[in-house]
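Top line first, the protein sequences correspond to chains A and B.
With the working numbering, the residue at position 19 of the first sequence is 19, and numbering never jumps.
With the working numbering, the residue at position 351 of the second sequence is 351, and numbering never jumps.
It is worth saying that the hints were derived from the structure and are not from the lab.
Nothing here was measured: the structure is a model prediction, and the numbers come from that model.
Keep in mind that the hints are not guaranteed to be accurate.
Partial list, computed: chain A residues near chain B (C-beta under 10 angstroms) [what the hints assert, rightly or not]: (1) L43; (2) A170; (3) S173; (4) N175; (5) L209; (6) A234; (7) P246; (8) N256; (9) E259; (10) V261; (11) L263; (12) P267; (13) T277; (14) I359; (15) L369; (16) E371.
Glycine included, C-beta positions come from ideal geometry on N, C-alpha and C.
There are 2 protein chains.
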Amino acid sequence: MNTNSYLKELFDFLSIPSISAQSSHKKDINSAAVWLQKKFTRLGFDSEVLPTEGHPVVYAENLKAGNKKATVLIYGHYDVQSPDPLDQWITDPFKPEIRSGNIYARGVADDKGQLYTWIAAIEELLKNTSVSREVHSQGGILPVNVKFIIEGEEEIGSKNLDEFIERNRAILSANVCALSDTHCLTESQPLIDYGLRGIVYTQVKVKTLGRDVHSGIYGGNVLNPINIVANLIAKLKDDDQNILIPGFYDSVRVLNKEERVQLNKVPFTDKEIIKETGAEVVAGEKDFSVNERAGTRPTLDVNGIWGGYTNEGPKTIIPSSAHAKISMRIVPNQKADNVYVQFENYLQSIVPNGVELTIELLSTAESVLFETKSKYFKAAEKAYEKVFGNKPIYELSGGTIGAAAAIKNTLGIDCVLMGYGLPDDGLHSPNEKLSIFMFEKGIKTNIEFLKNI
Amino acid sequence: MNTNSYLKELFDFLSIPSISAQSSHKKDINSAAVWLQKKFTRLGFDSEVLPTEGHPVVYAENLKAGNKKATVLIYGHYDVQSPDPLDQWITDPFKPEIRSGNIYARGVADDKGQLYTWIAAIEELLKNTSVSREVHSQGGILPVNVKFIIEGEEEIGSKNLDEFIERNRAILSANVCALSDTHCLTESQPLIDYGLRGIVYTQVKVKTLGRDVHSGIYGGNVLNPINIVANLIAKLKDDDQNILIPGFYDSVRVLNKEERVQLNKVPFTDKEIIKETGAEVVAGEKDFSVNERAGTRPTLDVNGIWGGYTNEGPKTIIPSSAHAKISMRIVPNQKADNVYVQFENYLQSIVPNGVELTIELLSTAESVLFETKSKYFKAAEKAYEKVFGNKPIYELSGGTIGAAAAIKNTLGIDCVLMGYGLPDDGLHSPNEKLSIFMFEKGIKTNIEFLKNI
């Protein structure tokens, strides 16, 4: 396997700042989609860039294995999170660099590098089955039929993917979906996430004044929107991390004893959290373990806040408005729409008189659980065991992949989440990385998985 | 009086972006100081730019009236507030423009334009007493001895002024201080502020993590610094605007009945506040009127807040830290140092385990009250009556002028606050303005005041 030539190509892909949240990067989004489409064409796939209401989806297929073979739908996303705070990056987030065996770049773990493990696996399989080594990949035959669906809106909640899958149901039909957008526990211990949390992501604006005013002249006589937004946030959770929105926990699935025992075998403990995050303490709902909190309990976090004067030194104003981005991770059997309504109703019910409160829904995704007893999960287990030397541990993830719920609900197939990141990769954080060692293991495991089916 | 030539010169002064809070404007701060020093020299004053630990002080004197005449110390400041949010300005804050009889520019009311009413008054007095009209201002004699002290740190809490005044006590000795950095009630109704609130301005940092982390993987297991800072802010005031810091109100002077009656005659009501600020409601401590709240009650406001992702769209992170600028306006007989200690102790006592809380003191100023029975206040009353047709109303201001307390405490003289702004001038806000009509009245009133002494 020529890792260097794969890395060279991946670096090209990583250099495109395809930040889906920022409209100024619309051109880069399109470049990343076209980059993929061209790559698939070079591999002999039929490939297209398909429009949606938002960013396009790249579709590619190679069905030459024939009717008797299974079809695997491989999902990935070519969009990335915004890299700020930029000053915390050691090197440019869009100029990939290798340091101590790791590739550093925005999106290398989430998800461009992991997605590329599938592209490289396909290229390897095509090469090795090609009649003539000269024309290599073009001529080879894959052990299964393969379809790729690669979206550009994962980091903004996959808002147009449900509709896209619904509309392209027939084209996308497959026996199983595979995707790499999660991580292993260690370099030798793989994980399979058999469930994901959903999300309800909102933006809140609190306005109390027509303009910014002098805090001396008016202080004591007008409502300060920053104090108000802080009061609202403070009323969303108590000091023990319990969410105070009425009805919020009503439909949360309660795990049975056996499930709790299984889940708590996953070696994700206070120690790992403290090491990975630099936190001084682990803090969460009292009656649940860290694994239960991450995988089975809903949470609420403020992801951003701003208002008033935020520059150097003092400025004595009361601003006219203040803003916060507030998201909730949801779990089975909560429904995103219902949670949003509960959130909105609660905030509107506690906001003081004289305050203009505007709530905007930025994205949602449902939570999902997969059936792990099928032959496809067995194929993954076998592949992992061969490459890693260890069977995967099954866990419930705290993260969200909007596509996974849509694929399960609309196409009726399970997703095998074969992640090759490591817990300290810094997804969504400065200095995101992916280990080259894990990258290679990913390619090899994917090859085995496709062969095993 | 040639208003146009004064405006031309003032526009020059206004064009210097002398923002004291931002170190990138250090050069502009020095330019503004030198601009003043040159102007005073042209007027025949002895003038110097004197260094402090921070931004320099401009001192100028003309003592030609002789020993038998009183000495008036005129205070002003050449620094301005930061103009952001810039997108809310109709024209460039540092390119002065006249619209409908108003000058629009950052600092035109606070304080460059108001300070300039004294410079123009001096120039008029010098011209009219000059033997030869050719050499005009150079040769004239003022009716009193005049000293100017003009600082460059008013907007950042006059942090080096106390020490400067203490050190230059003898040079600055005078019978009274006059300054224009406040406003009239209407174009025909002048006000004299006989008291000012002080301030304690802090910056708070809450840190819970070593880096920004993924809100899915870690949400529910780590403390979110934005939620924590919101909780802390929420615990500083209750919903009725009472400050919850233990001991905070202990030394607040209680007004007697007569004082309350007098103060409540000032026609500053709910109606004015709503009109001037665009607020939907007036909100403050229940047992006090709007005048009492503004002039005699301490307040607490968050002036700025920031943390996490504040750009377009969603980003699912828990940031490592969050920040807020929190200030308190203080009143007699609170002491700034004591209030800061109370604030710090309270926050440190309520911050949860595992949170790193850093509190920085950005600026302080004491509150002050003046004796209004002296002949200097009579001189001001007479001047106002002549120019405005109405006697001034005495009120207590909610604002802070750090210099006023320092001058009273160190030099032992009262300050006559002769403000020529209007309530809707938008100090510290976008589109700050000063009416040309009021500017001219200011020059005339100052001339009368100096003659009356």
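Each hint tested on the structure:
With a cut of 10 angstroms, the hint placing L43(A) at the interface with chain B is violated, because the nearest CB-to-CB distance is about 32 angstroms. Given the 10 angstroms rule on beta carbons, the hint for A170(A) is violated: about 31 angstroms separates it from the nearest Cβ of chain B. Hint on S173(A) is violated. Least Cβ distance to chain B is approximately 29 angstroms, over the 10 angstroms limit. A cut of 10 angstroms between beta carbons decides the hint on N175(A): the least distance to chain B is about 28 angstroms, and the hint is violated.
Look at L209(A): its Cβ gets to within about 5 angstroms of chain B, closer than 10 angstroms, so that hint holds up. With a least beta-carbon distance of about 3 angstroms to chain B, the hint placing A234(A) at the interface is held under the 10 angstroms criterion. Checking P246(A) against chain B by beta carbon gives a least distance of about 19 angstroms; that is not within 10 angstroms, so the hint is violated. Of the supplied interface hints, the one on N256(A) is violated, with its beta-carbon coming no nearer than about 20 angstroms to a beta-carbon of chain B, more than 10 angstroms.
Contact between E259(A) and chain B, as hinted, is not supported at the beta carbon level, the nearest pair being about 17 angstroms apart and thus beyond 10 angstroms. This hint is violated: V261(A) has a C-beta 20 angstroms from the nearest C-beta of chain B, more than the 10 angstroms allowed. For the restraint placing L263(A) at the interface with chain B, the shortest Cβ-Cβ distance is roughly 14 angstroms, beyond the 10 angstroms limit, so the hint is violated. For P267(A), the interface hint is violated, the least distance from its beta-carbon to any beta-carbon of chain B being 14 angstroms, above 10 angstroms.
Of the supplied interface hints, the one on T277(A) holds, with its beta-carbon coming within about 5 angstroms of a beta-carbon of chain B, less than 10 angstroms. The beta carbon of I359(A) is not positioned within 10 angstroms of any beta carbon in chain B (closest approach about 14 angstroms), and the interface hint is therefore violated. For L369(A), the interface hint is violated, the least distance from its beta-carbon to any beta-carbon of chain B being 16 angstroms, above 10 angstroms. Violation of the interface hint for E371(A) is found here, the shortest Cβ-Cβ separation to chain B being roughly 22 angstroms, above the 10 angstroms cut-off.
The earlier numbered hints that this structure contradicts are 1, 2, 3, 4, 7, 8, 9, 10, 11, 12, 14, 15 and 16.
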